[in-house]
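Quick note, the sequences are listed as chains D and S, same order.
Position 311 of the first sequence, counting from 1, maps to 311 under our numbering, and the rest follow consecutively.
Position 174 of the second sequence, counting from 1, maps to 1174 under our numbering, and the rest follow consecutively.
These are computed hints drawn from the structure, not numbers from a lab.
Ideal Cβ positions, reconstructed from N, Cα and C, are used throughout, including at glycine.
Each hint can be trusted.
Here are some chain S residues pointing at chain D (derived, C-beta under 7 Å): (1) W1344; (2) L1629; (3) W1644; (4) L1651; (5) V1654.
FRET-style restraints, in silico, Cβ to Cβ: (6) T1047(S) with F219(D): 54 to 64 Å; (7) T251(D) with D1586(S): 18 to 28 Å; (8) R1092(S) with D160(D): 16 to 26 Å; (9) H1132(S) with F178(D): 42 to 52 Å; (10) L1550(S) with L256(D): 52 to 62 Å; (11) G1129(S) with D160(D): 37 to 47 Å.
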Amino acid sequence: MTFAGVLGSALRSATRSYRMIGLLYLINVLLALIVALAFRSVLLSAFSDSMVVESLMEGFDFTVYSDFINEHGAHFWALYGQVVWLALFFMLVNVLLGGGTIATLNAGGEQFSLRSFFEGCGRYLSRFLRLFLVFAALAVIVSFVWASLLGVAYSGLTADTVTEVPDVVLFIVAAILFFIPLMLLVMMTDYAKIATVVDDENGMLRTFWRAVIFVFRHFFRTVGFQLAILFILLISIVLYWLVEGEIGMGTTGGILAVLVIQQASVGVKIWTRVATFAGELAIFKGLRPAAAPEPQAAVEAPAAAPEPALLPQEPPRPSVKKPSRRRLPTRVRTRKLAQAAKRGRRSRR
Amino acid sequence: MNRPAILYALVLCVSAASARQIMFQEPLSRRIANYEISVTLDTDEKTLAGKQTLVWKNPSRDRITELQFHLYLNAFKNSESTFMKGSGGRHRGIEMGREGWGWIDVTSMRVRNGEELTPKIEFIQPDDGNTHDRTVFRVPLANPVGPNETIALDIEFRAKLPRVFSRTGHHRDFFMVAQWFPKIGVYEPAGMRYATKGQWNCHQFHVNTEFYADFGVYDVDITLPSGYVVGATGVLQKEKENGDGTKTLSYRAEDVHDFAWTASPRYRVLEDQWEHVAIRLLLQPEHLGFADRYLQSTKAALRYFNDWVGKYPYPILTVVDPPAKASGAGGMEYPTLITGGSYWGLPAGLRAVELVTIHEFGHQYWYGMIANNEFEEAWIDEGINSYYEARIVDEVYGRKTSVVDLLGLRIGDRELARAGYAGMSNPKIAPTATNAWQFDAGGYGTLTYQKTATFLATLERLIGRPAMDEAMRTFFERWKFNHPSGRDFIAVVNEVVLKHHGDRFGPGMDWFFDQVLFGTDVCDYEATSISNRRVRSISGVVDRAGEKALVRDTLARTSTELFESRALVSRLGEVTMPVEVLIRFDDGSEVRERWDGKGRWKEFSFRSPHRIEWVKVDPDEVLLIDVNLINNSKTTRPLRAPIWKYTVRFLFWVQNALQYVAFF
Chain D
1 MTFAGVLGSA LRSATRSYRM IGLLYLINVL LALIVALAFR SVLLSAFSDS
51 MVVESLMEGF DFTVYSDFIN EHGAHFWALY GQVVWLALFF MLVNVLLGGG
101 TIATLNAGGE QFSLRSFFEG CGRYLSRFLR LFLVFAALAV IVSFVWASLL
151 GVAYSGLTAD TVTEVPDVVL FIVAAILFFI PLMLLVMMTD YAKIATVVDD
201 ENGMLRTFWR AVIFVFRHFF RTVGFQLAIL FILLISIVLY WLVEGEIGMG
251 TTGGILAVLV IQQASVGVKI WTRVATFAGE LAIFKGLRPA AAPEPQAAVE
301 APAAAPEPAL LPQEPPRPSV KKPSRRRLPT RVRTRKLAQA AKRGRRSRR
Chain S
1001 MNRPAILYAL VLCVSAASAR QIMFQEPLSR RIANYEISVT LDTDEKTLAG
1051 KQTLVWKNPS RDRITELQFH LYLNAFKNSE STFMKGSGGR HRGIEMGREG
1101 WGWIDVTSMR VRNGEELTPK IEFIQPDDGN THDRTVFRVP LANPVGPNET
1151 IALDIEFRAK LPRVFSRTGH HRDFFMVAQW FPKIGVYEPA GMRYATKGQW
1201 NCHQFHVNTE FYADFGVYDV DITLPSGYVV GATGVLQKEK ENGDGTKTLS
1251 YRAEDVHDFA WTASPRYRVL EDQWEHVAIR LLLQPEHLGF ADRYLQSTKA
1301 ALRYFNDWVG KYPYPILTVV DPPAKASGAG GMEYPTLITG GSYWGLPAGL
1351 RAVELVTIHE FGHQYWYGMI ANNEFEEAWI DEGINSYYEA RIVDEVYGRK
1401 TSVVDLLGLR IGDRELARAG YAGMSNPKIA PTATNAWQFD AGGYGTLTYQ
1451 KTATFLATLE RLIGRPAMDE AMRTFFERWK FNHPSGRDFI AVVNEVVLKH
1501 HGDRFGPGMD WFFDQVLFGT DVCDYEATSI SNRRVRSISG VVDRAGEKAL
1551 VRDTLARTST ELFESRALVS RLGEVTMPVE VLIRFDDGSE VRERWDGKGR
1601 WKEFSFRSPH RIEWVKVDPD EVLLIDVNLI NNSKTTRPLR APIWKYTVRF
1651 LFWVQNALQY VAFF
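Construct the entire structure; sequences and hints are all you get.
Written as structure tokens, this is what we have:
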């Protein structure tokens, strides 16, 4: 499939999954409402029956803001802390939701039901949690090492600069560079999740490593797709700001209109996330090395468990546990996978 | 001819011989401390070698038996100086570079044709007794200086400039040479400011203190490599190539109390003119894009001060844009020379360049000409100047957008100053009228700059703009080229307020300054509650024709429905101010009441067919010093749309935050 084909297919697949997107949106908005309504209570308590709030209809008012922070800052910052905790909690919720999302997409998306979705969530929860730990550990290590390296390089390059101009430029470059490995890590984790669902992988370190190889082997396609999605996301954000700026929130009607636009914007973000998974799934399925045939294992293995209805497209696999493959040393396994990929490509030709 | 007269004549002859151009035919000041300095800058070693002649006139009727001098550069000599102990090698957020020490030594000091003073130099520490501090010295005189007599001293000095982090010093080939020469203190005769007897006022250099010096004439020759561009206090008289790769520039400044200069080969010079003032802008090449912002704000400040305060008398103003990597030199004022600050890429909506330029120019008046003692009463120069800064930038760039106007974020200067004070964790930490080096527990910046700007804005709104402008103009005209104290300022305000308002505010405004300047209490008025009750007919037992009658008709009403309406306002803070209360009824009618603001609360009652809809205490926001403006109003029909507006925004932010973490 061409790059444009993958992108188009991902977007179509995400659009077809509107019921799942609706569910994800509902979870998002319900969780956010917990703190948003608490925030409303803080505002009501802070402003009580004061008339200064009227000036807020015209836009940001620094005096009102500063007095609010002076008098009720403690409540506000407590709420801010809650947002941080909520975000961390949502990270874990997202680990749960990831399984259902990918499994649903893998099943074609149309057969969405709450039951099957949450079955998928439950089935992969433990593995995705382990994968998340791998990701989190790597993210911390990579961030620390990479930030240190960038910091040393930045200090070295700017130690003797005469003006601040190169400092600013280098800082921007360093900030961009800092996020590149993190973006790659996120991508790799995505592919590891997809591999887990598609191939029912169980060893998360091994699966992550497999995803690393996959991403680097198909670097331009995987990264290109990711950048395309980021571009779409960026366009949606810019569009939101333009539209919101045009509407304004100076009237009750404006507030309602912006609320609708904002929720649509959140919906688009969820849609792009689902599209990301859908595209990555398509790329993975299209390019992944076919499972190396291992006749002995297949013969010796017990009868494969019946495939769940959720994954009708999955070919029958010899074993969930794949004991013989897991025991192979990594290098041998990698070679075998490469050979299998070659065979796959040849057969496709 | 007595000895001083001979000496003074000698100095005049020297001046005449050097063919300096006279700036003012009539001296603008008493010209007590006059300097002729010849200095050479070694750009490699970052050192200065100087010779100076100081001609000092005894302004008192006392016989002066000793002289006291500042050696400001010794603040950077080592970690034990009072400045370094106070700053920890950090000033205004900028760290001192490694091994960036600076110092100054007086290598020779003698009375012209007279006594050798060098061995008699004795370092003193009048403020804190820190014997490691060498920023002030005294030298006794064998022959005292009599009343109105003059003494001439020949002084030689060597100095090493620090790496710039606090106003003065070097960075690569940039030099900001300030507080750089041995400078005589101020002798205050009895009756001047707070002096009850004649005394030297010569404080050590502290992290929070600035300067105090007498006016005079400065003739300064600067020798440095030919490739350097120089900006300095005063007017360039001549420039001479020495034939050895160096040049000497001669400057003269009259009726100023300090002399600073800067040098760098990288400067780009832009020149402009505003009426009689030549504006010379020294810009970093990477900041050429800021030229208009510098020049426009400089002219705006010149125009505003000329219109509202008084004339800028000098023929020149030099505006210096230091390198961003030497930003410690930025945001500083010297007579006829100011330093700004800019950073490559700074968007137009962040008006740092304009703000700093206007603020520093304002110091030409409040510090430059109104030469208060910045050590002891920093609020006069910094506070009054911050008040004017807000007036100018709010007028030029918008009341709500003068500091920031970027991506929907809007902040005005006056509201920023007020927020700084109102947002202090402890606004009672010290009175504003505190010696600058004695804000030990913090609050120097906020109380000196922001609280003063805020209470002066409050004063302006209390007494009215015309009275305020007249007070400030009178203060300036009466005290320019002099050393007024806070009391002198208050006396002028009292005088003008009495003239404009009679005894409406009492015999003067002392009650105001006692609270906001000398006191620490906060001001907070509140609209506490509104109640509207229907007036009902009487019920219960009444006497009718000598008999008791039970009236049961509690719902009986008068022919027109009447309401007993009450608005309660309260004083939550300790500061008391006269305040107005505006009450609006549901038919749109309004009642404006005055309250002396002294009690803890005040209730306003009405019996009318209309209910109170809202009440505002201080409806015109006269009391900017009020630390909480949210509680100044109360309504029975609160508008909830803004609450929803921000709830909706907050919801969106949280949803986005959640969605972004969903990518992990």
